[in-house]
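Asker: What follows is the residue order along each chain.
There are 2 protein chains.
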Amino acid sequence: MIGRLNHVAMAVPDLDAAASRYRDLLGARVSAPQALPEHGVTVVFVETGNSKIELMAPLGADSPIAGFVEKNPSGGVHHVCFEVADIAGAARRLIEGGARILGDGRPRTGAHGLPVLFLHPKDFDGVLIELEEAATTRHSPS
Amino acid sequence: MIGRLNHVAMAVPDLDAAASRYRDLLGARVSAPQALPEHGVTVVFVETGNSKIELMAPLGADSPIAGFVEKNPSGGVHHVCFEVADIAGAARRLIEGGARILGDGRPRTGAHGLPVLFLHPKDFDGVLIELEEAATTRHSPS
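From first to last, the protein sequence lines stand for chains E and Z.
Going by the UniProt record's numbering, the first residue of the first sequence is number 1, and it counts up by one from there.
Going by the UniProt record's numbering, the first residue of the second sequence is number 1, and it counts up by one from there.
Careful, some of the hints might be misleading.
Which copy is meant is left open, because identical chains are indistinguishable; a pair holds if it fits in one copy or across any two.
[To be verified] Result set (DSSO-like, lysine-lysine): computed pairs, CA atoms no more than 30 angstroms apart in a straight line:
#, residue 1, residue 2
1, Lys71, Lys122
2, Lys71, Lys52
3, Lys122, Lys52
It should be emphasised that the hints constitute simulated quantities derived from the structure, not laboratory data.
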């Protein structure tokens, strides 16, 4: 079912400083910061060729990562995202297996404009997992 | 400098249970457990096609992840690993830039039998970063 590791999202307290470290110290290709007000974050993409890191800082008063940054003031890995070919089928299989989907249990539109869902970290070893119905794997066998 | 995202390592309290969840709930291809006594962990590899997840549980009395699992009893993301073509060059650039390499500051042989180093999480937004001199990218331009 799960396909490519689409990205690893890291919450950071200072986005410009984090982007500079990835660019200057680690020699990575990093994007310009991109504000996503409807998702409450500003992101910088770090390209690794096979996947990417998303550096995220809270944006606005109701950022969904504000609590995480408060609990982890230095930052940390916020979630990992896997691609799936059929997110509705994935949701059914997960719910039937006893896993909990955050929110109302239905896929919604994620930061990349594609259907996503988040799984309860307590069901996956303390790790917040995002599933994204990715265009690149949508037609591949699941 | 950094190339492919080689793996994301997650420390888990119960390796068999975690492997089952990835296989049965997420439909992933998972390896058999592999004991690495010289590294103090037992690992299961989850293949994602483009990269991999390493599920790790402590092995033996002096496991380097024992403290992490004690602090995070549900588990969590332990580190992310990027490939580099020239680890000695990477170490020089990082030290010159003010980043701290854990241990004695010199690459050592990692769990895959390749030279690795770990960077201080305080220098990278609370995230433990491993660099591995990977055979697949060793001869590519850095």
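Asker: Now tell me, hint by hint, if it's right for this structure.
Answerer: Here is what the structure says about each hint:
1. In this homomeric assembly, Lys71 and Lys122 come within 30 angstroms of each other (Cα to Cα) both inside a single copy, at 17 angstroms, and across copies, at 15 angstroms.
2. For the homomeric pair Lys71 and Lys52, the shortest alpha-carbon distances inside one copy (24 angstroms) and between copies (28 angstroms) are both at most 30 angstroms.
3. Proximity of Lys122 to Lys52 under the C-alpha cut-off of 30 angstroms is found in both arrangements, the shortest distances being 25 angstroms within a copy and 21 angstroms between copies.
Violated hints for the displayed structure: none, as all numbered hints are satisfied.
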